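There are 2 protein chains.
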Amino acid sequence: MSDKTVNRRAFMTAAGLAGAAVATGARAQTPDPLITEVQPWNKQLGDGVQANPYGSPSKFEKHVVRRDVEWLTVSRESSVNFTPLHELDGIITPSGLCFERHHGGVAEIEPGKHRLMIHGLVDKPLVYTMDDLKRFPGRINRAYFLECAANSGMEWKGAQLNGCQFTHGMVHNVWYAGLPLKALLDQAGVKTNGKWLLAEGADSAGMTRSIPIDKAMKDCMVAWNMNGEALRPEQGYPLRLVVPGWEGNMWVKWLRRLEIGDQPWHHREETSKYTDLLADGRSRRFTWIMDAKSVVTNPSPQAPLRAKGPNVLTGLAWSGRGAIKRVDVSLDGGRNWTTARIEGPVLPLSLTRFYLDFDWDGRELLVQSRAMDDTGYVQPTKSELRAVRGVNSIYHNNGIQTWLVRGDGETENVEIS
Amino acid sequence: MSDKTVNRRAFMTAAGLAGAAVATGARAQTPDPLITEVQPWNKQLGDGVQANPYGSPSKFEKHVVRRDVEWLTVSRESSVNFTPLHELDGIITPSGLCFERHHGGVAEIEPGKHRLMIHGLVDKPLVYTMDDLKRFPGRINRAYFLECAANSGMEWKGAQLNGCQFTHGMVHNVWYAGLPLKALLDQAGVKTNGKWLLAEGADSAGMTRSIPIDKAMKDCMVAWNMNGEALRPEQGYPLRLVVPGWEGNMWVKWLRRLEIGDQPWHHREETSKYTDLLADGRSRRFTWIMDAKSVVTNPSPQAPLRAKGPNVLTGLAWSGRGAIKRVDVSLDGGRNWTTARIEGPVLPLSLTRFYLDFDWDGRELLVQSRAMDDTGYVQPTKSELRAVRGVNSIYHNNGIQTWLVRGDGETENVEIS
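Residue numbers (our numbering), protein chains in the order written: chain D, -5 to 411; chain Z, -5 to 411.
The set of hints was computed from the structure by calculation and includes no laboratory data.
Small disclaimer: the values here were computed from a predicted structure and weren't measured.
Be aware that one or more of the hints could be misleading.
Since the list can't tell identical chains apart, any single copy or any two copies may satisfy a pair.
Stated by the list, open to error - Calculated cross-link-like contacts (lysine to aspartate or glutamate; reagent style EDC-like; alpha-carbon spacing at most 16 Å):
(1) Lys302 <-> Asp402
(2) Lys107 <-> Glu31
(3) Lys107 <-> Asp26
Construct the entire structure; sequences and hints are all you get.
Quick look at the structure:
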C-alpha cells in the first residue's frame, strides 16, 4: 500500500466526519473539501534544499515585519522601528524582527578591521581584534531583554498608538554569546579611582554613554553572537555591549571603545536625551534600570478577537531588577484580577511569557496585565506614574496598558480613569 | 563637546598605546591605523530602519549557510542539507540555518486552508483549523533538539566527511510554541485499544510514521511557532509534530493527519528506511530514541586553529533520554580527559553548550568530546558501537568524533584505533 493510498483512505474517512464540532475549537464540515480533496501541496513536488541556503519566512507571513511610524522615522540620523510582538510567541525575539533604533544609521563594519580599545584609568591600555575576543577564556551565553527607555513613551500623554507593536515594540529578547566585560577590564586593570566607564560605538553617531564601573563589573557583556549566529548589522555587528536590565541606549552597538574615568561624561545621550523631564521642569537623570512591565500582546489592536468561545490571551512581562514572579490579568479594566499562567523559562532580566485561557461571550472587555518581580515591585497604573512624574517625559513609562475589546472583537488602545 | 570631538580624542589616546600586547589575545600595534584613522563606517551615515523590515545577516557572513553534499542531494524527491554548527554559539539554532531533509520538497501551504484531522480509534473524530489550534487552551513553549537518525551516518564505515557541518549538522535546537498533543487526543477521546498513532504530512511525500500512544501522550507537541515566529516552510509551516528526543523523521512536518490504531502501520519510513541494518543481516526496528552524543564544533575542519596561545574549544552535547550531566574533552585522542565547562541553560532533550579554554603550543591534537546524560549513559567510542552494530547501518551513530589538529592548525576528520 503506497503513501498515496493511505492518503486517500484518510480523505475518505474524513468525509465521514459529522457533528465533530466542539466548544474548544475543533470542527468538521460535512464534507470539508479541504479534507476530502487533495490539495496542490500534496500533489506537487516542492523546492529542494538548494533553493534557500539561508532560509526566510513563508510568503504567507509577509505581514510579520518590523514597522515604523512615519513621523518618528524622519531621517537616517534618527530612526526607529518596532518589534511585531503580537505576531510572536515564546520568549525569544527572532533576530530579523528585533526593533531598531539608530542615531546614524546602520554601520556596515568589516569585522577584520574592527577593534575594541580599553583605555583611561587602567594599568594597561589594550586593543582587541575580533579574533582576540573569540580566543579569550571565559565565554558565556545568556538571554536578556533590551528595552528602549522610550518604549511606551508616546503614551505618557494618553493613548496614542494603536497596537502593541507601536506602544511596546521597542523591546526584544535575545540569547547572547560573548565575554563578561569584567574579564576584559580585569586584564586591563582598572585603577582604584576608576569609577565610571564610557562606551562608544563605531557608527557615524559615535554614540557614547557613561556606565558605573560596578554595573560594568557585575553582569555586562561584550557580545558578538545573538540567537546563535553573528550579531545582525542593525544590532551592532560585529560587537555590542550588553547591559542587562538597563535602558537600551546604553547597550552601545558597533562597540569600539571603553574608557575608564573617575566621573560620568555627561554626554548628549545622558543629558539632553534619555533624562526624564518632570512636571516641575526638573529632570531625573541616570534612570538606567527598566522597572517591571508587561503587556498583553493578544488580543491587541493588531490582533483582535476573531470568535466567541475559547480564546487564548497571551503577553510578555519583564523586569530590569530581576525575575518575573507573577503576572495578573484583568478583563474588566482592573476591577478583578486573575493570575496568568507563566509558561516556559523564567530567567532573570529576560522576557517571560504568560497565558490566560478564557471564554469570550462577546461582551466588551478592558484587558490589562500587571507584572510583579522577585523584588516585590508591582507594575503601577499610568495614573499612579503620572501623579509622580507628570506627562512631560518620553522615557520610562512602565504603566499598565489597557486594551478595549469591542463586541465585534475589534480592539483599541484606550485610557481608563 | 560634540560626539565627533570625543571620537577624535579617543583616536589620539589610542595612538599612544604601546606594548599592550598580552598573552590572552589583546594586542596593540604602534600606531594601529585601524585605531588612529577614522574608518568609513564612522564617517558615513548608514541605512535607516526602512531598509530591511525583516532583517538579514551581515554581508560579511555570507559563508554562514546550510550546505548540501552534491551526491546526497540528488533530487527534490530526496534532499538534505546541513546546519553550520561550527559558525554558531549558544544553544539556539537560528531558524534560517536549521538543516533540512525533505522527501518531496518544501510544501507551500496556505495556512487558511490547512487542516489537522484526528480519527481512527477515537470517540469523536475531529478536524482543526489553524485558528482552532491557536484558540485551544493550554499552549506551551519548549526548547528541543531535533536530530536526523542518519546524522553522522556516513561515518559508520570510517571518517568520510570533512567538517562537523557534514558529520553532525543534521541536528538543530529550536524553541517551539504550540499545544501538548495530549490535549487534542484527550478531546478526541482515544479508545482503550488505541495504542499507536500514525502522523501524516501534507507534503507531496505524504510522509507517515507510527508512534506509540504513550509517547504521544507524554511530551509530544503540535507546534506552529519556532524561535518566536511562525514555523519556517522547510520546517513544516504551518504545523509540525514535535517528538522530543526521538529521531527527526518522526517529527512530521506539514502535519495534517493523526490516526489512532491498535498496532503500528509498518510504512516505508519505518521498514525499508530508518531501520538499522546489523552485521548479520537482521535490522533493528523502532529505534526511536537518540542516544547521548556530542561534537566539538571548534576547532573542526571548517574552523581550524588560527594561532598558538589561548584558544577556546567549544561544542554541543545532547541526549534523547534526558539532560546532559557532564561533557569531557580529550586533546590526545582519549588518553586524558578534562571536564568541560557547561555554559548557559541545561534543559532536558535540548542541545547543551560546552567550552574548554586551553593554551595551544602548536603540537598536533586529537580532539574528542564525550557526553554523559542524567541516566548515567556515556557516549561510546565508534569502535564500541561497531563491535555491536557492524558498519552496515546509516542510522544512530552516536560514537565519539575525532578531529586531528595539525601543527599548522588545519584540522581534519580522522579515525583512531
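Outcome of the hint check:
1. Lys302 <-> Asp402: Within one copy only: 9 Å inside, 68 Å across.
2. Lys107 <-> Glu31: between (58 Å within a copy, 11 Å between copies)
3. Lys107 <-> Asp26: Intra 60 Å, inter 11 Å, cutoff 16 Å: inter-copy only.
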